[in-house]
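Participant: The lines below spell out each chain.
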Amino acid sequence: MDADAFSVEAAGVRQHESAWRRLRRNWSVRIGGSVLVLLVAIALAAPLLGTVDPTLFDAGSRDLRPGMTGQITTLDGDTIPHRFLMGSDSFGRDIYSRVIYGARVSLSVGLLVALLALAFGISAGLGAGYLRWLDGVLMRFMDGLMAIPGILVAIALVALWRGSLTTVVIAIAIPEIPRVTRLVRSLVLSIREEPYVEAAVSLGTPTWKIMFGHILPNTIAPLIVQGTYICASAILLESILSFLGVGLPPDIPTWGNIMAEGRVQFNEYPHNVFFPGLFLAVTVLAVNILGDGLRDTLDPKMARRV
Amino acid sequence: MSAAPLLQVKNLKMHFPVTEGVMVRKVVATVKAVDDVSFSLQPGETLGLVGESGCGKTTTGRCILQLEKPTAGEIIFEGEDLAKLDRKGLVAKRARMQVIFQDPYSSLNPRMKVGSIIGEPMKVHGILPDRKQRQERVAELLSVCGLNPKFMDRYPHEMSGGQRQRVGIARALALNPQFIVCDEAVSALDVSIQAQVINLLEDLRDKFNLSYLFIAHDLSVVRHLCHRVAVMYLGKLVELADSDELFEHPKHPYTKALLEAVPIPDPTIEKGRVHRIMQGEVPSPMNPPSGCVFHPRCPIAVDSCKREVPQSRELRPGHWVACPRV
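In order, the protein sequence lines correspond to chains W and U.
Okay, so the first sequence: first residue is 1 according to the numbering used here, each after it adds one.
Okay, so the second sequence: first residue is 1 according to the numbering used here, each after it adds one.
Read the hints as simulated data drawn from the structure, not as lab findings.
Predicted, not measured: the structure shown is a model, and the values here were computed from it.
Check each hint, because a few of them may be wrong.
Stated by the list, open to error - As a list, the in silico BS3-like pairs of lysine-lysine whose alpha-carbon atoms are at most 27 Å apart: (1) Lys306(U) with Lys209(W); (2) Lys306(U) with Lys251(U); (3) Lys271(U) with Lys13(U); (4) Lys123(U) with Lys93(U); (5) Lys209(W) with Lys10(U); (6) Lys10(U) with Lys256(U); (7) Lys209(W) with Lys123(U); (8) Lys209(W) with Lys113(U); (9) Lys132(U) with Lys150(U); (10) Lys209(W) with Lys88(U); (11) Lys256(U) with Lys209(W); (12) Lys209(W) with Lys132(U).
Claimed, not checked - Here are some chain W residues the structure puts well away from chain U; computed CB gaps all over 10 Å: (13) Asp135; (14) Ser202; (15) Lys209; (16) Tyr229; (17) Leu278; (18) Asp296.
Stated by the list, open to error - Take a look, some chain W residues computed to stay more than 12 Å from chain U by CB distance: (19) Leu111; (20) Val201; (21) Ile215; (22) Ile220; (23) Ala221; (24) Val284.
We put the CB at the ideal spot given by N, CA and C, even for glycine.
Please work from the sequences and hints to get the whole structure.
Facilitator: Have a look at this one:
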């Protein structure tokens, strides 16, 4: 072929915008993403933000209102002056430190649950969608799993083992797995009929290579979106479990158990519930806004699919 | 043409069961997509397969490629029955026969770059394991198909329909096959690009001595490209003849009707033509008519057509018709 023919061919090329550029232009992604980045930064930098150890208490600084100055006893027994930005609870613990450290728990629970549910859901969904003999058995099992209420599974697991981060993450992830499986399966069922998969079959490509090389990469966009929604509901569910007292042990501060402890004197000291609740609401909102933005840019068809 | 045929299709049948029921699947009917089709293909020959939508052209192609497991019949490719091969033997044979799909948009994986799309067949079959060599081969294939080798770093969505179809052709050529099924390979392209791609297919056929099974519904394209043409109606082969013979002297009433429907690009001739529009609709392949499947719409049908399934007979050397009335 000569050079002229090339230029004719090249003229037909349209410059498509990359997904990344579209993401950065979307306002939902911008807002949700920056709030989340800020929250992650706060959680990581917790010790540098004027906090004290969240388990420290002082009998002399009980039930302080937000902004008041009091004192707190360190582990060595020294008493140091401390300004309680968000007040203190009935043990004299610093709500501000507890809320900031609690962000670590909430965010890691959200992330871990999403990763765990996606990992299991993708494997099961790929299997059910592509290997037809596996479909019936696997999907009936998933239907059964879906019939059990999530909170019940969590309570049962915490009773069986003891309350720890691992237990809580597993307990929240289990009810999410069937939902991811169904999504992946439905995607696989439509992608496996695409001519490019048939082309791979007619080339003699081995089954596992078709599953992981051709089908899986084309399910990624809707899965990222689904992952954010799982993340948001996991953060919320962790707080509910901790509020009910079946989540993490009480010596680890989480937004759920701070609210649970503050609930008793909510009428006199609403700040005990207000601040962790505010952080929880902002976090879940940010994750959901980010998810909506991701959906609009990566997978516009999903709104109808889920 | 007396040499051993490259491909022989003998009494191919593909019946799809129609099932009902949730827990216990019950077969309530069968769709006879392909019913008793036989033909053969010589090396270097192009056989056109024409017929209206839903007549089983594509299913025939898919059966030959073993993308569909035929209900009955033999597909003998290079002397071996494909249905009897084990997995390994079939993978080896798959390297010898390839496919070009209709839709240049969905036949390329949107997540893969052109370079890895064309390189994949070589990777799968362990040809040119060295990355560098493979890249050179991909560049060579791209320029054979009239594309700039720089395109290998592009994604399919960055290319036009004609360019993508060329990528599909390059992928099909990657393993030096003997035989390519072109499943409506040009019908999704606009007319000027169609001409380019057809010329490319012709050049490649001469260069590599390829055989094509050219599935199409555009009769003028078929006449231009094919040596022989087979006409299908409702899962059956009704007529098979050399291209010129079929277009000049069609025998089967369905072929005649099909050819009459082709407009002539000359208004004075077109004005004087008498169009006999075929009556009725295509019957459902789930419940095909008895005897000759074409009898309800046939202008020359007689009573016996309702009862007797017509056998294919050789009217002239190489001209087979499945109609006893011509």
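Participant: Confirm or reject each hint.
Facilitator: Now for the hints, and whether the structure bears them out:
Straight-line distance between C-alpha atoms of Lys306(U) and Lys209(W) comes to about 51 Å, which puts the hinted pair past the 27 Å bound. Between Lys306(U) and Lys251(U) the CA atoms are separated by roughly 19 Å; this keeps the pair inside 27 Å, and the hint holds. With a CA separation close to 42 Å, the supplied pair Lys271(U) and Lys13(U) exceeds the 27 Å bound. Taking the CA atoms of Lys123(U) and Lys93(U), the gap is about 16 Å. The hint holds against a cut of 27 Å.
Between the alpha carbons of Lys209(W) and Lys10(U) the distance comes to roughly 33 Å, so the proposed pair goes past 27 Å and is violated. Restraint check for Lys10(U) and Lys256(U): satisfied, since their Cα atoms lie roughly 26 Å apart, inside the 27 Å limit. Taken as a hint, the Lys209(W) and Lys123(U) pair is honoured in the structure, with Cα atoms around 11 Å apart against an allowance of 27 Å. For the given pair, Lys209(W) sits about 16 Å from Lys113(U) by alpha-carbon distance, which is consistent with the 27 Å threshold.
Pair hint Lys132(U) plus Lys150(U) holds up; C-alpha atoms about 15 Å apart against a cutoff of 27 Å. Among the hinted pairs, Lys209(W) with Lys88(U) is consistent with the structure: their alpha-carbon atoms are about 16 Å apart, no more than 27 Å. Only pairs whose Cα atoms come within 27 Å are accepted, and Lys256(U) paired with Lys209(W) is rejected, the gap being roughly 48 Å. Annotation: proposed proximity of Lys209(W) to Lys132(U) holds, straight-line Cα distance about 22 Å (limit 27 Å).
For Asp135(W), the non-interface assignment is confirmed: its Cβ lies about 13 Å from the closest Cβ of chain U, beyond the 10 Å cut-off. Against the 10 Å criterion, Ser202(W) falls within the reach of chain U, whose nearest CB is about 5 Å from its own CB. With a least CB separation of 7 Å from chain U, Lys209(W) falls inside the 10 Å interface cut-off, contrary to its annotation. Separation of Tyr229(W) from chain U is adequate, the least Cβ-Cβ distance of about 23 Å exceeding the 10 Å criterion.
No Cβ of chain U approaches the Cβ of Leu278(W) within 10 Å, the least distance being about 41 Å, so the stated non-interface status holds. The claim that Asp296(W) is not at the interface with chain U holds, since no C-beta of that chain comes within 10 Å of its own (minimum 19 Å). With a cut of 12 Å on Cβ distances, Leu111(W) stays outside the contact zone with chain U, its closest approach being about 25 Å. With a minimum CB-CB distance of about 6 Å to chain U, Val201(W) fails to clear the 12 Å threshold, and the non-interface call is violated.
Distance to chain U contradicts Ile215(W) as a non-interface residue, since its nearest Cβ pair spans about 10 Å, not more than 12 Å. Non-interface call for Ile220(W) relative to chain U: violated, since the shortest CB-CB distance, roughly 8 Å, does not exceed 12 Å. For Ala221(W), the non-interface assignment is contradicted: its Cβ lies about 10 Å from the closest Cβ of chain U, within the 12 Å cut-off. With a least CB separation of 32 Å from chain U, Val284(W) remains clear of the 12 Å interface cut-off, as annotated.
Consistency with the previously given hints fails for numbers 1, 3, 5, 11, 14, 15, 20, 21, 22, 23, ordered from lowest to highest.
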